[in-house]
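Participant: The residues making up each chain are set out below.
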Amino acid sequence: MVRRFFTQGLCVLALFYIAVMADITVTNTAFAAVDTFEFATPEQQQRFRRMSDEFRCPMCQNTNLTGSNGGVAEDLRREIYLMIIDGKTDDEIEQFMFERYGDFVFYRPRLTIETILLWFGPLLFFILGAWIVLGIVRRAKASSQEPVELNEVEQERLRNLLETVKDRD
Amino acid sequence: MLQKVKPSPNPYDRFQLKFELEAVMSRLKLFAPVIGFLVLAVMLWRGLYLDPRTLPSVLIDKPLPEFQLQTVELGEQIIGKADLPDEPFLLNVWGSYCLPCLQENPILMAAAEQDVVPIVGVNYKDKLNLAQLWLEDNGSPFEFSILDESGRLGIDLGVYGAPETFVVDGDGVIRYKHIGVIDYEAWETEIMPAIAAVKAEAGQ
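Those protein sequences? They're chains Z and H, same order as listed. Going by the working numbering, the first sequence opens with residue 1, and the numbers climb by one from there. Going by the working numbering, the second sequence opens with residue 1001, and the numbers climb by one from there.
In case anyone wonders, no lab produced these hints; they're calculated from the structure. Careful, some of the hints might be misleading.
Said to hold, decoys possible - Label-pair ranges, simulated between beta-carbon atoms:
| id | chain 1 | residue 1 | chain 2 | residue 2 | range |
| --- | --- | --- | --- | --- | --- |
| 1 | Z | Asp91 | H | Val1173 | 20 to 30 Å |
| 2 | Z | Val137 | H | Leu1044 | 24 to 34 Å |
| 3 | H | Thr1189 | Z | Leu123 | 32 to 42 Å |
Stated by the list, open to error - When the alpha-carbon atoms are kept at most 30 Å apart in a straight line, the in silico DSSO-like pairs for lysine-lysine are as follows:
| id | chain 1 | residue 1 | chain 2 | residue 2 |
| --- | --- | --- | --- | --- |
| 4 | H | Lys1029 | Z | Lys141 |
| 5 | H | Lys1062 | Z | Lys88 |
| 6 | Z | Lys88 | H | Lys1081 |
Said to hold, decoys possible - Non-contacting residues of chain Z with respect to chain H, defined by C-beta distances greater than 12 Å in every case (computed):
| id | residue |
| --- | --- |
| 7 | Thr36 |
| 8 | Asp90 |
| 9 | Ala140 |
| 10 | Gln145 |
| 11 | Glu156 |
Backbone N, C-alpha and C define an ideal beta-carbon position, used for all residues, glycine too.
Isolated chain H, as found in the complex (with noise of 0.2 Å):
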């Protein structure tokens, strides 16, 4: 297998480096399986611990979508796109039948507690009486939730199933995205510094 490589007075000889090369390349070809498996297990390894539900976001970094519905809070009053913050705000889809809400509420309630960012609400594909109900029952972290009774802005938000929350800066556009609950770890690991950078380059 191995070339016995003749010593040679000019270590640049170009046969020698040939000779080398070879010598390399045969034992690198002994080791392709361990390298193959290490490569595979690597990625399976990394595989374990992907969270097949977590699809990756198309619309980080677009303008949320134009809307025109009432709100949970505000009775017959139609809002639409204009009147969200105009400043760095969370957007969390929730609904009365969604148990993942109900554990990340107490996190958002502390946020909206310490003024952190606004939140605002998107009841999604609930009813207005179960909504009202849960809020009174849990307390609302929202300036107002959007009745998104239908699930249409839910679609045109690429949602799938509450809870996701979309981090939106001061013009509206997507710039994170949260699918499934948020616990302690979520909201300091992803949620605030994804605030933190968006509020960082408002100030600039």
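Only chain Z is shown next, with the shape it has when bound in the complex (with noise of 0.2 Å):
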């Protein structure tokens, strides 16, 4: 029952794992930097907008593009604004930056072998964590189950301590 309980909300875990892995939206409110690019549609925009969250400034660390009002952000930016322009794709462009500066441009690394504990090693310790916690709460339902069998002074022992607490009462 317990093992079922656990192998369940393990599955569901993991899923939620994956979807959000799949999924992270980096949020980033604070716009430092307002620039006056000017999109032939909606969706340029948007892919600009997207885009610019989602790479990292390689000099202001640990904020993105959008938020960062680095030099070098700035440039990068319009680099993204004109390739958008230009017509490439979101692949050819994600290329661009990797070719420049490699996987920490990428708020969303890349999977290959290098990025791979990034993205599984959470996981990896998670069914560790479960796995251990599992082999713990079996083991000690284990020992629970097990009738406990008193010599004569143990029995004898209890008998008394059950007779103070009555006359206790």
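With the hints as a guide, dock the two chains, each given alone in a separate frame, to form the complex.
Facilitator: Now the structure itself:
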């Protein structure tokens, strides 16, 4: 029963984890810089907004390109804008960034050998933890179910204890 | 916990080996927390001395990007990749606004005076008159400085802030990158060995 509960819980949490990892939205409400880029279509503007939200500024670490007013962030926003206007696809823009700044610029790094631990490390630790907890619970349950046999001395002591409790009432 | 191992006439007795293995395993289990702690401690200790600002460059062993830009020194003349030295050289990204650049200038000056390697500058996101003034005031270790006012060449070089220094070989391939100020230690332990390695390779 306990085991089934744990396995079910594990599955639910794993699914939740995958869902979260697959759809991280880096929201940054602090718009440090206001660029005056003009787009032909709202889609282009949306793409620009999304991409500069998802790229990390190489200079001011832990800020995305949208939120950073560092010089290089400004330049990179301009490059992204120009590439979007130029009709480049998202993949091409990502490749452009990767070739210059590596995996670091991605808030959502690509799944490669080098980043696999980053993606699945937490899940690995969770499973490890769950496995350990499961083991402890199972062992505790097993030991609690064993009938305890008392020898005569112990039985005598138990009887005495029970009597003193009764006397107190 | 520990199994008592029965003395056996044959030391390679399979059962005895099994007992011993179990004994060792249960003993190892005892040490698991200590081992875990040590691994974590070593990693965190190392982490204390890593500079999170030094990003690994993806451009190592890649050729320099193409460019067509003016220089600080040569007026209207446009130069490109072909105008760079065809021997190993340093490409130093600098700006007049950049204090660490001022700090590393004497080392670059000394290297230029001793003809260690040619040094080419990239004047990154600066103003021409300010750059010229800075070179007048502090001295120029550069053969010339490429004028990258827009920062576009900087992006192609994966630059995110001056100073950054590349060791480039005679074929125009980036072989080493140093991020931040070059102090004497960095010069001795990083830049010089990188130059020496590239030169040794070219000599062969």
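Participant: Hint by hint, note whether the structure agrees.
Facilitator: So, going through the hints one by one against the coordinates:
1. Between Z/Asp91 and H/Val1173, the C-beta spacing of about 27 Å keeps the proposed range 20 to 30 Å intact.
2. Distance hint for Z/Val137 and H/Leu1044: a CB-CB separation of about 31 Å, consistent with the stated range 24 to 34 Å.
3. A C-beta distance of roughly 40 Å is found between H/Thr1189 and Z/Leu123, which places it inside the suggested range of 32 to 42 Å.
4. A distance of roughly 22 Å separates the Cα atoms of H/Lys1029 and Z/Lys141; the hinted pair therefore holds under the 30 Å criterion.
5. Proposed proximity of H/Lys1062 and Z/Lys88 is supported: the alpha carbons are some 23 Å apart, at most 30 Å.
6. For the given pair, Z/Lys88 sits about 26 Å from H/Lys1081 by alpha-carbon distance, which is consistent with the 30 Å threshold.
7. Every Cβ of chain H is farther than 12 Å from the Cβ of Z/Thr36; the closest lies at roughly 17 Å, confirming the non-interface assignment.
8. Every C-beta of chain H lies more than 12 Å from that of Z/Asp90, the closest at about 18 Å, which supports listing it as non-interface.
9. Against chain H, the non-interface label of Z/Ala140 holds: every CB pair exceeds 12 Å, the least being about 18 Å.
10. No Cβ of chain H approaches the Cβ of Z/Gln145 within 12 Å, the least distance being about 23 Å, so the stated non-interface status holds.
11. For Z/Glu156, the requirement that its beta carbon stay farther than 12 Å from each beta carbon of chain H is met, with the minimum near 32 Å.
Comparing the model with each numbered hint stated earlier shows that all of them hold.
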